[in-house]
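Could you put together the complete structure from these sequences and hints?
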Amino acid sequence: MKRFLFLLSFLAAALGSAMAQTVAIPWRNISLTPTTLSGYGITDAQPLDSDLTSIAALSTTTFGRSLLAFASANSSVLYTDGSGNWVLGTTLPAVSGANLTALNASQLTTGTLPAARLPAFTGDVTTSAGSAATTLATVNSNVGTFGSATQSLTLALDAKGRITSAAAQAITPAWSAITSKPTTLSGYGITDAYTSPTVDQMVSARVVRDALYSDGATSNRAVVWTPGIRGAVAGQSITIPFEFDVPTSNPSTASRIAAFVPTATTAVFAAANSLEVLLYTSGGLLIRQLGTTTSDYRQFEWTGFRAAYSGAKGLRGAVVFTGNSTSTPTVFVQGADISANFTAATGGTPPNWIPSGLDTTVFLVGFNWPSGRLVPHAPRLGAWTASEAAEWSSTGRVPVWDETNAGNAAKLSSDFATSTGWVLTGATTISAGKLNLSASDSAYMSGSPIFAGTKYTFTVNVDSVTAGSVNYYNGASYISFATAPGTYTISFTAAATYLSGAALQSQGGNAVCDNYTLRVLGPLFRPVVQPIAIVADATTNGIAGVLTGMTPLTTRRDWVIQANTSTNGNQQLLGASPFFDYTRNVIDDWVVNNKGGSSRTISLGSASGGSQYLSGGTAAGGRNVPTLATRVIGSSTLWVNSNGTDSLQHTIRGHLVD
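Take the sequence shown: its letters are residues -20 to -1, 1 to 638, numbered as in mature numbering (1 follows the signal peptide of the UniProt record, and there is no 0).
Hints are computed from structural coordinates only; laboratory data are not their basis. C-beta atoms are modelled at their ideal positions from N, C-alpha and C, and glycine is treated no differently. Among these hints, one or two may not hold up.
[What the hints assert, rightly or not] Result set (DSS-like, lysine-lysine): computed pairs, CA atoms no more than 30 Å apart in a straight line:
#1 LYS140 with LYS161
#2 LYS575 with LYS391
#3 LYS293 with LYS161
[Unchecked claim] Now the in silico label distances, taken between C-beta atoms and shown as ranges:
#4 GLY433 with ASP195: 35 to 45 Å
#5 ASP195 with GLN552: 15 to 25 Å
#6 THR114 with GLY91: 19 to 29 Å
See the structure below:
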């Protein structure tokens, strides 16, 4: 530095004494020079930087030292936008042979690595380097198929949820662990056992049921009844029970379970105003009501009936009609309502069920029945309730009111045209075809007692009621049924026996009534199978049925025949032969009840005009027990000759001799 100052002094002295001259000092002679740009005051140079040092060492084969091209548009690696900001471009120059090393993988945000660049993975899933194919590690060596309808699948899993083993396990739960178990044989699919209702039917049938067997030899085989006015159930609610062995194949001809028809030989669907309950050739249970022509009908059918009960022994059922209506009947079998299986249909101008024009001349059971067993049952006046019908079809027990008396559709009918038979109390009168009941007074129909436990139904028109009510007597007390005009139908079970007769009463005011009808509900007859071709009636109605092509199955040896005649001349009893083999039978007695007003001369024989048993005997009014000339039966028929048309009721008793 001293040298530098000396030099400057020298120069100053020289300049001061001489003219100015150019000084050329070599840079090497300058000492203490700065080592930084700022030391020299340089501002237009790039300071020393390590990155620039690295860049200076890069190869410049392709680009020389211009590594990046800068532009003001997106056409190079870097460019400046309108604000002078540097932006990374999307266009890269072609690079060949370049090796990129030490890249930060976290900066790769898009794109897909090719398989050749993939590393080798290890663990539960493994790969080979440069390949995308994966291999799943084996954790279960027990390979196979497990589980079935009778075996469950048992699995073992590790902490990662992988199946490490599998095995089949037999399904053997404890019976107590099974829920929602069935309660019926059908629920378990058992087909080789009887249901409880079937067993009940079989037991009761074996204990108390006599039956008929259809031999299949006669085309019109049947049980034939002619119920008369007691069976005039047209327009009424009725119940038709049935009981038979169901065949294992469909019948070749339509077989009548029960029918109301004009004659005993009326073909199926051949008579207007008839009612048929059939086991049809299709195997269906077919119920058909015909109208004024055979083209007019209303029917109810289950085509699957025979197949559903094929081979069932002693099957019981009932068809319940609510009379003179379009309401379909209700069908019960083996304690169940099976009506839902049926389909209703109509044709022509369909009639009501049980219309007022129903022809009830003849009642048939088992018409054209196939070979097999059936038990005859009578139609019931009155509709069984659902519980009553179910009880019958499951146990064979009929309602108590059904057992106490015989049904009678003609118990009492009065239009009050006369007062004959009526007992009137107080100021009650019958005039101008009306019953005029005074307050608290009554009218009784003598000869029409009501009996305890018996069920009755009555219909009456109440024309007027001034006050209070119109009552009926149930055997123990008066029951109110009408407080205003109208037509009333009342059913009641008598609480006690009342021999004075059915009664009407006005309570609290006057009343006017008309068209009173009283009916006894119950069986029109109660069949009793006998060892002859006659099914007797156990009720007071005395309506016998005649067998055609039917063999009785019974241990009875005694028999009874009940029949009516009213011909002036010869008339065959029942119009049929009552004996299968008359040589095996004898007559015990023959009672003739003359319901006419005159004494008649009668003969009883085994042929038309015959007098084998009685010749010219007298039948006075009332009950007669003539002395028979012989008790040995001479033929399969019984004949009566009378000299008048009086109604004669015959009761003939006899028995088998071997």
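Taking the hints in turn, this is what the structure says about them:
no.: 1; hint: LYS140 with LYS161; result: violated (39 Å)
no.: 2; hint: LYS575 with LYS391; result: holds (18 Å)
no.: 3; hint: LYS293 with LYS161; result: holds (28 Å)
no.: 4; hint: GLY433 with ASP195: 35 to 45 Å; result: holds (40 Å)
no.: 5; hint: ASP195 with GLN552: 15 to 25 Å; result: holds (23 Å)
no.: 6; hint: THR114 with GLY91: 19 to 29 Å; result: holds (21 Å)
Checked against the numbered hints listed earlier, the structure breaks hint 1 alone; every other hint is satisfied.
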